[in-house]
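Asker: Put the two chains together into one complex, using the hints given.
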Amino acid sequence: NAGVTQTPKFQVLKTGQSMTLQCAQDMNHEYMSWYRQDPGMGLRLIHYSVGAGITDQGEVPNGYNVSRSTTEDFPLRLLSAAPSQTSVYFCASSPDRAGANVLTFGAGSRLTVL
Amino acid sequence: ILNVEQSPQSLHVQEGDSTNFTCSFPSSNFYALHWYRWETAKSPEALFVMTLNGDEKKKGRISATLNTKEGYSYLYIKGSQPEDSATYLCAFLGAGNNRKLIWGLGTSLAVNP
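Residue numbers (my numbering), protein chains in the order written: chain A, 403 to 516; chain B, 4 to 116.
If you are wondering where the hints come from, they were derived from the structure by calculation, not from laboratory data. C-beta atoms are modelled at their ideal positions from N, C-alpha and C, and glycine is treated no differently. Hints may be right or wrong, so weigh each one.
With a straight-line Cα cutoff of 30 Å, these simulated DSS-like cross-link-like pairs (lysine-lysine) come out [stated by the list, open to error]:
| # | chain 1 | residue 1 | chain 2 | residue 2 |
| --- | --- | --- | --- | --- |
| 1 | B | 72 | B | 62 |
| 2 | B | 103 | B | 60 |
| 3 | B | 61 | B | 81 |
| 4 | B | 72 | B | 60 |
| 5 | B | 61 | B | 45 |
| 6 | A | 416 | B | 62 |
| 7 | B | 72 | B | 45 |
| 8 | B | 45 | A | 411 |
| 9 | B | 103 | A | 411 |
One side only, chain B facing chain A, incomplete, derived with CB under 10 Å [to be verified]:
| # | residue |
| --- | --- |
| 10 | 35 |
| 11 | 45 |
| 12 | 49 |
| 13 | 114 |
Just chain B, same shape as in the assembly (with noise of 0.2 Å):
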């Protein structure tokens, strides 16, 4: 069974604030990690979809790295604002003719003003 983990599970911060998380997923017949970003009562925003190890990422404040030989993506926000506050999902792509989303629970970001 294919397991993403995410970590924390929930987390709060103060304005202006640096923070960090971390996805962890297979480190085998990897294809791309995907991570979202998923306000209440919206719908999941896509950020990043990385494909390379190696691979850095960079929307704004908020930047990922991948590493797919030991299974694990950080998110970065570099000075968190209350706007922030959502839900950041990842989801792991496996290779091979199975291409299904398996995605993980999320990290719950909460930003204090």
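The shape of chain A in the complex, shown without the other chains (with noise of 0.2 Å):
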């Protein structure tokens, strides 16, 4: 049981690239959710969606497109990448669509842009 499984875990990009985050889960969870974690800041949330087709905003979604074709699959795109996108970012599923049941994380990709 793999649980969530994220790629790459290192990325160095150069200002105005763009990349994609691969995020799978094969627990057969609703929701999945895509996290920035930055020095001195709170997880903070980009995009996150409750099943198959179905996405919508976080807290901070400017500069990231995502989309849920299949249940297993949540990629997060940057489009032109900016300094500002360095992170580390978090992908998180749940059984639950409604949030009462614990969020399972990725190990976790750190991003750099140069």
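Answerer: Okay, here's the thing in structure tokens:
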């Protein structure tokens, strides 16, 4: 049982480049989400999904796109990377779309934008 | 603006000490409170989700209580061990259609052997 798998673990980009952070879960969870974690700040929600075909914005969605074509996968796209997007990104999933179950987190992806 | 506050920000204890820290959250429109343990260079790991006023949950030496009327939860660690060193996060989930967790900044615990 792999849980939540995120790739890549580390990435360095130049300003303006695009990339996709991959997230996959094998637990048949309905709810999936992307967070970023920055020093001195709490986890901030970027985008989330309550099921295949359904996505919504979180607290800090600007500069990021998501899609949910299958239950398993929830990729996060940076269309034109900016230094302000340097952060550690976590994907997290939960069986409960209502949010009363705990989240299972991926191992994180450290992104540096030069 | 909904706020979740955790105190203290950091804590240093000796091995064997018992310790506790606080998570404060809005006392209205409560749905659930989550606790997570986050070790350096790893990802957050779930400890508890609590939904009822007066709830008490236990996992080994770690336990938590919940008071939704006054808007606080305590996390207790009995007989701290060096492997308990981590940041402990709480997150509040309000009732209603906008089901988004609001996270505290965490309490960083260091247990000295």
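Asker: With reference to the structure, classify each hint as holding or not holding.
Answerer: Tested hints:
Annotation: proposed proximity of residue 72 of chain B to residue 62 of chain B holds, straight-line Cα distance about 24 Å (limit 30 Å). Restraint check for residue 103 of chain B and residue 60 of chain B: satisfied, since their Cα atoms lie roughly 23 Å apart, inside the 30 Å limit. Between residue 61 of chain B and residue 81 of chain B, the direct Cα distance comes to roughly 11 Å. Compliance with the 30 Å bound is thereby established for this hinted pair. Between residue 72 of chain B and residue 60 of chain B, the direct Cα distance comes to roughly 18 Å. Compliance with the 30 Å bound is thereby established for this hinted pair.
For the proposed pair residue 61 of chain B and residue 45 of chain B, the alpha carbon gap of about 23 Å is at most 30 Å, so the pair holds. Note on residue 416 of chain A and residue 62 of chain B: the hinted pairing is violated, with a Cα-Cα distance of about 45 Å set against a maximum of 30 Å. For the suggested pair residue 72 of chain B and residue 45 of chain B, the alpha carbons sit about 34 Å apart, so the restraint of at most 30 Å is broken. At most 30 Å may separate the alpha-carbon atoms for a hinted pair to count; residue 45 of chain B and residue 411 of chain A meet this at roughly 12 Å.
Restraint check: the Cα-Cα separation between residue 103 of chain B and residue 411 of chain A comes to about 26 Å, which is no more than 30 Å; the hinted pair holds. Here the hint on residue 35 of chain B is kept, as its CB sits about 5 Å from the closest CB of chain A, short of 10 Å. Below 10 Å, beta-carbon pairs count as interface contacts, and residue 45 of chain B has one with chain A at about 7 Å; its hint therefore holds. Checking residue 49 of chain B against chain A by beta carbon gives a least distance of about 3 Å; that is within 10 Å, so the hint holds.
About 23 Å separates the beta-carbon of residue 114 of chain B from the nearest beta-carbon of chain A, more than 10 Å, and the hint is not met.
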